[in-house]
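Its first residue numbered 0, the sequence shown is counted upward by one per residue in numbering that gives the first Met the number 0.
Because the hints were derived from the structure by calculation, they are not lab data. Here the structure is a predicted model, which is why all the values come from computation and not from measurement. Using N, Cα and C, we set each Cβ at its ideal position, and we do this for glycine too. Just so you know, not all the hints are guaranteed correct.
Here are the simulated distance ranges between beta carbons [unchecked claim]:
| # | residue 1 | residue 2 | range |
| --- | --- | --- | --- |
| 1 | A274 | D308 | 30 to 40 Å |
| 2 | F270 | L58 | 17 to 27 Å |
| 3 | H33 | V154 | 23 to 33 Å |
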Amino acid sequence: MLHCIQGHQAAYEFCKLIHRDVSVGNILIYPKYHAGNDTHDAIVFWEGRLCDWELAKKLIIDVVRQPERTGTWQFMSLRYLRDPTLPILIPDELESISYTMLYNAIRFLLHNMNHIGGFVHWYFDNSPLDADNRNSAPHGKEAMMDSGNLFFGGVNVLFHNDEENDNHPLNALLKALLEKFHARYKVLDWQAKVEQQKKKKANTAQLLVKPSAPHVDTARVTLDKVAAALGGRRPGLSSSRSTVTRLTTVPAKKAQSHGAVSISRPPPADFEHAASLESHDAVIEIFESHLYSDEFDWPEPGHDLIGYDRLDGYRAPPRPVPCTTEPAAKQAKTVPDDEVLHHAPISVTVSNRGNKGKGKGVARGRNRGRGPVTGR
Numbered sequence: 000m001l002h003c004i005q006g007h008q009a010a011y012e013f014c015k016l017i018h019r020d021v022s023v024g025n026i027l028i029y030p031k032y033h034a035g036n037d038t039h040d041a042i043v044f045w046e047g048r049l050c051d052w053e054l055a056k057k058l059i060i061d062v063v064r065q066p067e068r069t070g071t072w073q074f075m076s077l078r079y080l081r082d083p084t085l086p087i088l089i090p091d092e093l094e095s096i097s098y099t100m101l102y103n104a105i106r107f108l109l110h111n112m113n114h115i116g117g118f119v120h121w122y123f124d125n126s127p128l129d130a131d132n133r134n135s136a137p138h139g140k141e142a143m144m145d146s147g148n149l150f151f152g153g154v155n156v157l158f159h160n161d162e163e164n165d166n167h168p169l170n171a172l173l174k175a176l177l178e179k180f181h182a183r184y185k186v187l188d189w190q191a192k193v194e195q196q197k198k199k200k201a202n203t204a205q206l207l208v209k210p211s212a213p214h215v216d217t218a219r220v221t222l223d224k225v226a227a228a229l230g231g232r233r234p235g236l237s238s239s240r241s242t243v244t245r246l247t248t249v250p251a252k253k254a255q256s257h258g259a260v261s262i263s264r265p266p267p268a269d270f271e272h273a274a275s276l277e278s279h280d281a282v283i284e285i286f287e288s289h290l291y292s293d294e295f296d297w298p299e300p301g302h303d304l305i306g307y308d309r310l311d312g313y314r315a316p317p318r319p320v321p322c323t324t325e326p327a328a329k330q331a332k333t334v335p336d337d338e339v340l341h342h343a344p345i346s347v348t349v350s351n352r353g354n355k356g357k358g359k360g361v362a363r364g365r366n367r368g369r370g371p372v373t374g375r
């Protein structure tokens with residue numbers, strides 16, 4: 000996996016390409032033979048290679064034109080699954096690489112999980128429809144990034160060195176990676192809430208309450224009419240006041256000011272972790288520190304393998320298909336719609352007059368007065 004990250008970094012920095020389809024099917028692990036001075040010095044070790052770059056894009060393209068042609072659902076980043084219109088960035092690719100490692104580890108290594116099919120479905124294959132009638136991200140990815148823990152059924156996932164020892168270095172590696180991805184989504188969620196609050200404030204500021212129209216004191220008008228009938232004066236009131244109709248204006252209601260909901264800002268360490276994912280260096284450092292450090296005791300090759308594929312026979316359920324009543328964007332048409340709906344049967348007669356023995360005929364017909372139809 001480290002080799003794949005390094006290859007992805009080289010393509011990104013030197014070729015200005017981003018892969019956009021990191022998955023288990025696009026990673027090759029193959030043996031490489033190194034001959035020494037004699038037969039006893041020969042070494043065979045395994046290398047990884049990220050292949051199948053047909054969906055790769057240049058970095059200058061920052062808009063997803065065909066979201067359905069980007070990535071493999073099971074290994075897409077949570078951010079992209081939430082909004083497939085966003086461009087795929089380095090953190091998304093690094094997250095996809097981590098998913099491929101977890102997917103293969105849960106299949107072939109020793110661990111404390113029993114229901115493998117349920118785990119894979121919850122983390123990789125589940126895609127319920129959301130309120131907008133779109134396929135949403137698997138619940139497992141949402142829960143893992145929200146909590147910062149890798150668990151299933153209320154139990155933390157632990158990989159084993161052997162049948163009894165659960166202190167596999169892969170546990171520490173996954174924890175270090177998850178710490179950074181968890182911090183990234185805390186920052187992304189905080190930014191989304193702040194942006195939503197700003198839009199809400201802007202919309203509230205535009206709601207101007209207009210003052211009501213002048214209100215006429217109808218009781219005062221009635222008294223003035225009575226006074227006019229009595230000669231223009233009212234008892235107890237001056238003539239000038241008796242002829243004035245009092246107009247009162249109902250004051251405009253002040254917009255109620257609701258206090259802004261306080262949004263907790265993530266700690267500075269989360270911003271540092273999130274920023275570190277903008278390049279490959281931080282993740283490469285995590286891999287190297289866990290692979291080459293004496294602090295971690297990796298098992299001998301094959302000692303932590305289960306010996307078979309735990310997903311043998313597993314079939315992922317089909318994803319729910321969003322319902323739609325909208326017509327297809329493109330529809331092939333051979334005749335106009337009115338002719339399709341109101342076309343009368345065409346009577347065709349074949350005549351061989353003048354073509355005896357030649358195998359040729361003339362087809363004649365009439366289409367609701369549109370004229371004869373003739374063809375050979």
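Violations among the numbered hints: Number 3 - this is the single hint that the structure violates.
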